[in-house]
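*Asks:* Protein sequences appear in the order of chains A and B.
Position one of the first sequence corresponds to residue 1 (the numbering used here), numbered consecutively onward.
Position one of the second sequence corresponds to residue 1 (the numbering used here), numbered consecutively onward.
Please keep in mind that the hints were generated in silico from the structure rather than gathered at the bench.
Remember, it's a predicted structure, so these values are computed and weren't measured experimentally.
One or more of the hints may lead you astray.
Unchecked claim - The following label-pair restraints were derived from C-beta to C-beta distances: (1) B:Pro211 with A:Gln77: 56 to 64 Å; (2) A:Gln105 with B:Asn145: 53 to 61 Å; (3) A:Ile155 with B:Ala244: 55 to 63 Å; (4) B:Arg353 with A:Ile245: 18 to 26 Å.
Said to hold, decoys possible - Non-contacting residues of chain A with respect to chain B, defined by C-beta distances greater than 12 Å in every case (computed): (5) Arg53; (6) Gly71; (7) Ala113; (8) Phe163; (9) Arg225.
Ideal placement from N, C-alpha and C gives every residue a C-beta, glycine not left out.
Here's the letter readout for the chains.
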Amino acid sequence: MDIFHNTNYDFIRWRWHAIALSLVVILAGAGLMVTRGLPLGIDFSGGTSLVVRFSQPVTLDKVRDAIAPLGGEAVVQQFGDAADNRLLIRLPQQEGVEEGTALEQGSQRAEAALKSAGLPSFEVDNREIVGPVIGADLQRRGIYAVLTSLAAITIYIGFRFRFSFAVGAIVATLHDVLVTLAFLMFLKYDITLNVVAAILTITGYSVNDTIVIFDRVRENLRSRRRDPLSQVVNQSVNQTLGRTIITAGTTFLSVLALYLFGGEALEGFAFTMLVGVISGTYSTVFIASAIAIILSQTKGGGTGKAQAASAPSGETATERPGRKTRRARAS
Amino acid sequence: MMKNLQWRLILIAAVIGLSIWAFVPPEQKVKLGLDLKGGVHLVLRVKTDDALKVETDTTVDRLRDNLTRNGIAFSKLEASSPTDFRVDGLADDAAFRAQAADAESVYDRSSEAGGYSYRMKPNVANQLRDETVTQALETIERRVNELGVAEPIVARYGARDQILVQLPGVSDVRRAKDIIRSTARLELRLVDQGPFPSKEAALQAFNNTLPPDSELMPGKQEGSGAAGTAGSAYYVVKKVSAVAGNDLRNAQQSLDEFNRPAVHFTLKQDAAVRFGTFTESNIGRPMAIILDGRVMSVATIQGRITDSGQITGITREEMLDQVITLKSGALPASMDYLEERTVGPSLGQDSIRAGVTASLAGLALVVVFMIFYYKLTGLNAIVSIVVNLLILLGLMAAIPVTMTLPGVAGFILTIGMGVDSNVLIFERIKEELATARGARAAVNAGFDRVWWTIVDTHVSSLIAALLLLQFGTGPIRGFAVTLIIGLLSNVFTAVFVSRTMFEAVLARRQQAQTLSI
Chain A
1 MDIFHNTNYD
11 FIRWRWHAIA
21 LSLVVILAGA
31 GLMVTRGLPL
41 GIDFSGGTSL
51 VVRFSQPVTL
61 DKVRDAIAPL
71 GGEAVVQQFG
81 DAADNRLLIR
91 LPQQEGVEEG
101 TALEQGSQRA
111 EAALKSAGLP
121 SFEVDNREIV
131 GPVIGADLQR
141 RGIYAVLTSL
151 AAITIYIGFR
161 FRFSFAVGAI
171 VATLHDVLVT
181 LAFLMFLKYD
191 ITLNVVAAIL
201 TITGYSVNDT
211 IVIFDRVREN
221 LRSRRRDPLS
231 QVVNQSVNQT
241 LGRTIITAGT
251 TFLSVLALYL
261 FGGEALEGFA
271 FTMLVGVISG
281 TYSTVFIASA
291 IAIILSQTKG
301 GGTGKAQAAS
311 APSGETATER
321 PGRKTRRARA
331 S
Chain B
1 MMKNLQWRLI
11 LIAAVIGLSI
21 WAFVPPEQKV
31 KLGLDLKGGV
41 HLVLRVKTDD
51 ALKVETDTTV
61 DRLRDNLTRN
71 GIAFSKLEAS
81 SPTDFRVDGL
91 ADDAAFRAQA
101 ADAESVYDRS
111 SEAGGYSYRM
121 KPNVANQLRD
131 ETVTQALETI
141 ERRVNELGVA
151 EPIVARYGAR
161 DQILVQLPGV
171 SDVRRAKDII
181 RSTARLELRL
191 VDQGPFPSKE
201 AALQAFNNTL
211 PPDSELMPGK
221 QEGSGAAGTA
231 GSAYYVVKKV
241 SAVAGNDLRN
251 AQQSLDEFNR
261 PAVHFTLKQD
271 AAVRFGTFTE
281 SNIGRPMAII
291 LDGRVMSVAT
301 IQGRITDSGQ
311 ITGITREEML
321 DQVITLKSGA
331 LPASMDYLEE
341 RTVGPSLGQD
351 SIRAGVTASL
361 AGLALVVVFM
371 IFYYKLTGLN
381 AIVSIVVNLL
391 ILLGLMAAIP
401 VTMTLPGVAG
411 FILTIGMGVD
421 SNVLIFERIK
431 EELATARGAR
441 AAVNAGFDRV
451 WWTIVDTHVS
461 SLIAALLLLQ
471 FGTGPIRGFA
481 VTLIIGLLSN
491 VFTAVFVSRT
501 MFEAVLARRQ
511 QAQTLSI
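Just chain A, with the same shape it has in the complex (with noise of 0.2 Å):
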């Protein structure tokens, strides 16, 4: 069976109208990150949050109303499966309260708030107190992270392509963030350590399809010279296609699977990874070459031909096993 089987679409053409339709996504999230700032989860921001198991069903109104004297703006929303009862409750991060002794109060009030209220009895199945040292800690280690990773991507590719294709691929890379980014803030995800974990595995994991395709534009260059590098690319894309879009795939349902039996706890994560795996896939068609290219022609003086480009690139790719007998096929 065989999808995509000797597909030629003409991506290329369409790279100004996916770049212009990606930055509308990054924009607006990005918006919304200004206007409603980023929800920062407790791992971040520090708080409190309790995962509460009663013994009976009971509203959610109720157990706000139970834990509204306590003020601040706390969170109550139901936690897993209706039946298990379970809530989570989460409460801000207290002005003014040093860290210490004090960093537990939020909690202790709220059960106390909980059980004054002649609710049902109740277990506590959770308990998360950040303060906010840690929380100041993680974010910093958390950009750090994302962006150490970045770099170092960015670099292995330069130095097994050529410059253009690592811009290529990191541009992409950086927009599956951006717009994983910006997904979570439209379906107001909070941004907690798990999901922090999704967007670096996305940085590794969006630039394999790339890498696919450069390595077949590789090949191609080396027997295509006299094409222009747009069509050489144009046509590696069209080739890889299926591999692409089955990889995605398999990555996809895998997550897919995650997000609908892995529980309450790993939502977030799943939810970032299937944004994340989606996002990959349009990037690596349709981003990661057409910067390419574009990198490639302002630097080669306009012509855009695969001979003036290919030029730097030629070594390492003679150097890689099975070479001698390549032949490039238009499959």
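Chain A is already provided as a structure; the job is to place chain B on it using the hints.
*Replies:* The following block gives chain B in isolation, referenced to the frame of chain A:
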């Protein structure tokens, strides 16, 4: 060729066997993180300034003694921060400098108008801070062991003054936290007067000026019951203690004369001698037993006491906790909690169930797709995914790596991302088949040409996973490690195992032109 193939099959079988042996039965061999089995995760900050302050205070005291003893005039000598002190109004500079020589080995001196200011040398301060955290860590370890928690983790964490404590299966979080944090500083001090019902009453008795060597300290109303109905009271006590925190040798459960719970403690040899002299010269005076800045009880010294004493008037729970904390020694500095995460066992159970369901569902979806799309060759990919998962589980059990909730996600991702390598290879084989050079050549070319692509994709994923490892805390590290092992074993399964299977199938067919792909 055939021989070679046999050896490869044997190697693969051995790897599978070893992996299964390593993790079966999983309930015993795969370590679960707190988020799956329930327990408490705590991050504490050691206030290392406390230890520096003690050092500075002691230095200032010693210097003041020496100056006074040698008749060297000064108008002011006091600590201004945990690391600084200053001296003013010196008449005889040379004589002072001679006395300050000792302090100057630890503190840097700088001249200021009318005197000197001293600041602790940065390397000394850093070393002292480091020692303080190490001591606190060791003390916490002893306490956690006394609590009887199985497989606790006590380790340095994040910034230099932070300590991570993980207590699996602990349900009484409050008690565990109190025990860990209690400084357990036992002091025996003479009492000037008390108890008073309030601070004001105490101050009034001294016309609002306490003697310079005394201070006000809260405590329990003498004689109030052990039932926890202790009223508060205030005492005026001497500032110096006859014993220090590290003079304690042991603490045991015991009973007082009315058969109420008590803690019996014994002092170390040298402290006992000091304490003997101290009590002998203070017979008839009241002495307070003070724990962590609270007067626990007051008794009149009846005679020479050498090496033991009793803390009375406490509840049974207090007794149990005090034995643990006193036995494990005093903390060198007080501590703050920065983070607390508690997971109840039932939530952990549900998470495990959800994780298993999601893994099976993910595997099923990928299996159905691969068979549907690649037919018999799809089976090849499925075998290599399953072997990949077996190796992953085996290595996790053998290393061992703690399986956390995000780790479960890493496990599932390994299914979806691992099969990508198979897809790349199969797609290439399809392309090679189209050139009609025969199945064997197509398989060889497929594997050879995709090899470097697979290396590149795995390296980029590994870079991200390694940074994740560096960024993450407990659960996220579990995810990162799972991902890393999964990626590495995927290279083995998607290339070596899968290729061996192809060759095993093709070996039986001499002139194969087709493949079920």
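*Asks:* Now, for every hint given, state plainly whether the structure supports it.
*Replies:* Cross-check of the supplied hints:
1. Our hint of 56 to 64 Å for Pro211 (chain B) and Gln77 (chain A) holds, since their Cβ atoms are close to 60 Å apart.
2. Taking 53 to 61 Å as the suggested C-beta distance range, the pair Gln105 (chain A) and Asn145 (chain B) does not conform, at roughly 29 Å.
3. Under the hint 55 to 63 Å, the C-beta atoms of Ile155 (chain A) and Ala244 (chain B), about 56 Å apart, fit the expected range.
4. At roughly 33 Å, the beta-carbon separation of Arg353 (chain B) and Ile245 (chain A) lies outside the given 18 to 26 Å, and the hint is violated.
5. Taking the minimum C-beta to C-beta distance to chain B, about 7 Å, the non-interface status of Arg53 (chain A) is violated against the 12 Å cut.
6. At roughly 22 Å from the closest C-beta of chain B, the C-beta of Gly71 (chain A) stays outside 12 Å, upholding its exclusion from the interface.
7. Even its closest Cβ contact with chain B, about 18 Å, leaves Ala113 (chain A) beyond 12 Å, as expected for a residue assigned away from the interface.
8. Every CB of chain B is more than 12 Å from the CB of Phe163 (chain A) (nearest about 16 Å), matching its label as outside the interface.
9. Every CB of chain B is more than 12 Å from the CB of Arg225 (chain A) (nearest about 20 Å), matching its label as outside the interface.
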